[in-house]
Amino acid sequence: AQTVTQSQPEMSVQEAETVTLSCTYDTSENNYYLFWYKQPPSRQMILVIRQEAYKQQNATENRFSVNFQKAAKSFSLKISDSQLGDTAMYFCAFMKRSDSWGKLQFGAGTQVVVTP
Amino acid sequence: NAGVTQTPKFQVLKTGQSMTLQCAQDMNHNSMYWYRQDPGMGLRLIYYSASEGTTDKGEVPNGYNVSRLNKREFSLRLESAAPSQTSVYFCASSERGGYTFGSGTRLTVV
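One line per chain: the protein sequences are A and B, in this order.
First residue of the first sequence? That's 723 in this note's numbering, and the numbers climb one at a time after it.
First residue of the second sequence? That's 844 in this note's numbering, and the numbers climb one at a time after it.
You can trust all of the hints, since none of them are fake.
25 angstroms max Cα-Cα, derived BS3-like pairs, lysine-lysine:
# : chain 1 : residue 1 : chain 2 : residue 2
1 : B       : LYS914    : A       : LYS825
2 : A       : LYS825    : B       : LYS900
3 : A       : LYS825    : B       : LYS852
To be clear, the hints were calculated from the coordinates, so they are not data collected in a lab.
All values derive from a computational prediction rather than experimental measurement.
Okay, chain A solo, but in the shape it has when bound:
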């Protein structure tokens, strides 16, 4: 079974600053996907970024980037130039590529608060 660990329950960052969220996972699989989801107060689950384990290049989406360290089983998310709208709960998630049914294993989440 896979486990996903987010060790930071809450992080605070000022507008325009950078914050990094940590995520580690445990798996014996070699092919898998990793995700970061954002959940604002509206409760909607929004995909922030997706990384395929066989790709060495770190994924980037605008101000969001990841540092994927496959050997260390680490998948951190960096939010650059933080904006008030980035205030949300952030979840790291894992999916086996061999799992055609697409079940996601989530971490406990990190609450990010962006202050003016």
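Since the structure of chain A is already known, use the hints to place chain B on it.
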């Protein structure tokens, strides 16, 4: 394009009451899921349906039943609600790893 639609958005039940959470998707996805979200625990899989006509237990299935009525609809039933089932419930659908979530149902059991 509505995506994944869940009803109701909020519900309060008394202990022992039953109810069904409805979920429908219009993206022609084969796979559908029910997750529950509790503080400090992230989202946990209750049941999933790989395709029409099949359902399987996830991580926390006790106290729940599901029905995959057709390709579009996947319902979650609580036969006898318990306070431990107070949670936010999410339905989702996926195809080739691309996930779409519903907006969630906040359920309180008193």
